[in-house]
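Visitor: Here is how the chains run, residue by residue.
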Amino acid sequence: MTEYLYDLSPYNAMNNNPITYNDPDGDIAPLLFAAAAVIGAGTNIYNNWDKVSANPWSAFGYGISGGVGGAVSLVNPVAGGAIAAGGNVVTDVATGNIPDFNNFGDVAGYGLNVALDGVSVGGSGKIVQATTGLLSDLGVGFAEKLVAGNPEIFGEWILTYGAPEIAGGLPNVYETFAQIPTSNFLSGVASSAGSSFAKGKISQNLGLDDYNQARNKAFSWLEDRGWTGGGNPTPDKFNPDAKFNGMKDAQKRGFRVEYDDRNKGHINVYNKKEKGPHFRFKGSKKTVNKILRRFF
Amino acid sequence: MDIERYIEVNTTLGRVDIEKGNQHYFTKLASLYEIGIGRIDWKKNGFEKYISIENLSKENKLARLEEFCTSVLLGMSTNNSVKIFADGYLEDVYLIPSDFLTDFLKYCIDLPQHLYVLFENESCLNYTWEEDLFFGYPKNYKNQRFAITGRKA
Numbered sequence: 001m002t003e004y005l006y007d008l009s010p011y012n013a014m015n016n017n018p019i020t021y022n023d024p025d026g027d028i029a030p031l032l033f034a035a036a037a038v039i040g041a042g043t044n045i046y047n048n049w050d051k052v053s054a055n056p057w058s059a060f061g062y063g064i065s066g067g068v069g070g071a072v073s074l075v076n077p078v079a080g081g082a083i084a085a086g087g088n089v090v091t092d093v094a095t096g097n098i099p100d101f102n103n104f105g106d107v108a109g110y111g112l113n114v115a116l117d118g119v120s121v122g123g124s125g126k127i128v129q130a131t132t133g134l135l136s137d138l139g140v141g142f143a144e145k146l147v148a149g150n151p152e153i154f155g156e157w158i159l160t161y162g163a164p165e166i167a168g169g170l171p172n173v174y175e176t177f178a179q180i181p182t183s184n185f186l187s188g189v190a191s192s193a194g195s196s197f198a199k200g201k202i203s204q205n206l207g208l209d210d211y212n213q214a215r216n217k218a219f220s221w222l223e224d225r226g227w228t229g230g231g232n233p234t235p236d237k238f239n240p241d242a243k244f245n246g247m248k249d250a251q252k253r254g255f256r257v258e259y260d261d262r263n264k265g266h267i268n269v270y271n272k273k274e275k276g277p278h279f280r281f282k283g284s285k286k287t288v289n290k291i292l293r294r295f296f
Numbered sequence: 297m298d299i300e301r302y303i304e305v306n307t308t309l310g311r312v313d314i315e316k317g318n319q320h321y322f323t324k325l326a327s328l329y330e331i332g333i334g335r336i337d338w339k340k341n342g343f344e345k346y347i348s349i350e351n352l353s354k355e356n357k358l359a360r361l362e363e364f365c366t367s368v369l370l371g372m373s374t375n376n377s378v379k380i381f382a383d384g385y386l387e388d389v390y391l392i393p394s395d396f397l398t399d400f401l402k403y404c405i406d407l408p409q410h411l412y413v414l415f416e417n418e419s420c421l422n423y424t425w426e427e428d429l430f431f432g433y434p435k436n437y438k439n440q441r442f443a444i445t446g447r448k449a
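If you're matching them up, the sequences are chains X and B in order. Counting from 1, one number per residue, gives the positions in the first sequence under my numbering. Counting from 297, one number per residue, gives the positions in the second sequence under my numbering.
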């Protein structure tokens, strides 16, 4: 059975080549895992930014699932991706970001989105492994000499940032950086960027994540009429002390985020008496409420 | 003629009375009707009549609006007065005789707002920003025809 698990090896962090890429002092691996976790978390939050915009607390969930998935992807990209995808589903359920499923297409679209999140995060390890080579190409050797030759300056700087052990590990890190091929970096970037792009296309087709697109179109309509982004929140007439529904400037130009059963979520724009189009986005009543609470 | 001039002329002629400010009427609507996000939630509240006039030509919009108002007013006393107010461009309350309703609404048809017409029996005609026309009664009205299920309650 071990032949199926050859990827699951502590040597993965060293590009499956412990002879060429070594870490004798143990300084490198934690850094690489930390970097992969940061990239995984950042990628995953970016990929789910529309949901994070609507519910900022969900950033914790996407950050954790992306971070853990990213770190694991350094050892096994498939396992890392699966962890991120699973974590995203849990986060979606916990934060109410699960979309309305009206048919099989909606379910399949959601599943594909989550899978692409996993692929995206799964590329984090590759990026980290090969960033080492790229950094070397960009002249990290020079930085190494600079740091090593000026401990009175850089030692203090590193201490200030609370990681004095990094100073001792730097030469080894750079040595390892220098040995990993840059093609790995490109494959990692391609994996992450490619799946993000695909996810964006799917989201657009399903209309699930397009609040930001609708907002940009609404702002563009207003800017064409002289709106500069200023103004004050407009109170909801039915609950003026507690709720707002949009913004209006001194020249009576503005927008409102609305929901009705025929149009679903949409943004209405106006310029004094002029009524603009409805910029629709796929969003349930709950989503629109979250958007209003978040922004106004 | 624009809406301001129209109101000015008809105020002079004694057809329109203006009450400054409209917040208290929204508070009243909120106590009578199911409210959704910034508007009456007709699906939850139930309603008597509904049409959409969005995407029609201006001429057809006005014709359908007139038909809708006529059907709403059918059976109501002609000497009723109605209160018109909105949450956008129009900032006051306009009190007009009910037989003058269609004429008034024709000047409001393109304004960016949700407009409400409150009748003396507390029924309400709502012309939405998205150009839907609803007419219904308060949420506890027993004989509302279209509730959430779309059937007679």
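Worth flagging that the hints you see were computed from the coordinates, not collected in a lab. Please note that the accuracy of each hint is not assured.
Unchecked claim - Only pairs whose alpha carbons sit at most 35 Å apart, straight line, appear in this in silico DSBU-like list of lysine-lysine:
#, chain 1, residue 1, chain 2, residue 2
1, X, LYS243, B, LYS435
2, X, LYS282, B, LYS316
3, B, LYS324, X, LYS252
4, X, LYS282, X, LYS272
5, X, LYS264, X, LYS285
6, B, LYS316, X, LYS243
7, X, LYS248, B, LYS316
8, B, LYS435, B, LYS339
9, B, LYS357, B, LYS339
10, X, LYS248, X, LYS264
11, X, LYS275, B, LYS340
12, B, LYS324, B, LYS345
13, X, LYS217, X, LYS282
14, B, LYS435, B, LYS324
15, B, LYS345, X, LYS286
16, X, LYS217, B, LYS357
As the list claims (entries may be wrong) - Some chain X residues well away from chain B (every beta-carbon gap over 12 Å; in silico):
#, residue
17, GLY42
18, PRO235
19, GLY246
20, ASP260
21, GLY265
22, VAL288
The C-beta atom is built at its ideal place from N, Cα and C for all residues, glycine as well.
Visitor: Could you run down the list of hints and mark each one as holding or not?
Guide: Hints, one by one, checked against the model:
1. For the given pair, LYS243 (chain X) sits about 22 Å from LYS435 (chain B) by alpha-carbon distance, which is consistent with the 35 Å threshold.
2. About 38 Å separates the Cα atoms of LYS282 (chain X) and LYS316 (chain B), which puts this hinted pair outside 35 Å; it is violated.
3. Proximity of LYS324 (chain B) to LYS252 (chain X) is assessed by CA-CA distance (about 26 Å); at most 35 Å being required, the pair is judged to hold.
4. Proximity of LYS282 (chain X) to LYS272 (chain X) is assessed by CA-CA distance (about 27 Å); at most 35 Å being required, the pair is judged to hold.
5. For the given pair, LYS264 (chain X) sits about 7 Å from LYS285 (chain X) by alpha-carbon distance, which is consistent with the 35 Å threshold.
6. As the CA atoms of LYS316 (chain B) and LYS243 (chain X) are separated by approximately 23 Å, the hinted pair is consistent with the 35 Å bound.
7. Proposed proximity of LYS248 (chain X) and LYS316 (chain B) is supported: the alpha carbons are some 21 Å apart, at most 35 Å.
8. For the given pair, LYS435 (chain B) sits about 11 Å from LYS339 (chain B) by alpha-carbon distance, which is consistent with the 35 Å threshold.
9. A C-alpha spacing of about 23 Å is found between LYS357 (chain B) and LYS339 (chain B), which places the hinted pair at or below 35 Å, so the restraint holds.
10. With a C-alpha separation of about 22 Å, the suggested pairing of LYS248 (chain X) with LYS264 (chain X) holds against the 35 Å cut-off.
11. Taking the CA atoms of LYS275 (chain X) and LYS340 (chain B), the gap is about 27 Å. The hint holds against a cut of 35 Å.
12. A C-alpha spacing of about 21 Å is found between LYS324 (chain B) and LYS345 (chain B), which places the hinted pair at or below 35 Å, so the restraint holds.
13. Distance check on the hinted pair: LYS217 (chain X) and LYS282 (chain X) sit about 15 Å apart at the alpha-carbon level, within 35 Å; holds.
14. Simply put, LYS435 (chain B) and LYS324 (chain B) have alpha-carbon atoms about 13 Å apart, close enough for the 35 Å limit, and the pair holds.
15. Only pairs whose Cα atoms come within 35 Å are accepted, and LYS345 (chain B) paired with LYS286 (chain X) is accepted, the gap being roughly 26 Å.
16. For the given pair, LYS217 (chain X) sits about 27 Å from LYS357 (chain B) by alpha-carbon distance, which is consistent with the 35 Å threshold.
17. Every CB of chain B is more than 12 Å from the CB of GLY42 (chain X) (nearest about 33 Å), matching its label as outside the interface.
18. Consistency note on PRO235 (chain X): stated as away from chain B, yet its beta-carbon is not over 12 Å from all of that chain's, at 9 Å minimum.
19. Under the 12 Å C-beta cut-off, the non-interface status given to GLY246 (chain X) relative to chain B is violated; the minimum distance is some 9 Å.
20. Not every CB of chain B lies more than 12 Å from the CB of ASP260 (chain X), the least distance being 6 Å, so the non-interface label is violated.
21. Listed as a non-interface residue, GLY265 (chain X) fails to keep its Cβ farther than 12 Å from every Cβ of chain B; the least gap is roughly 9 Å.
22. Not every CB of chain B lies more than 12 Å from the CB of VAL288 (chain X), the least distance being 6 Å, so the non-interface label is violated.
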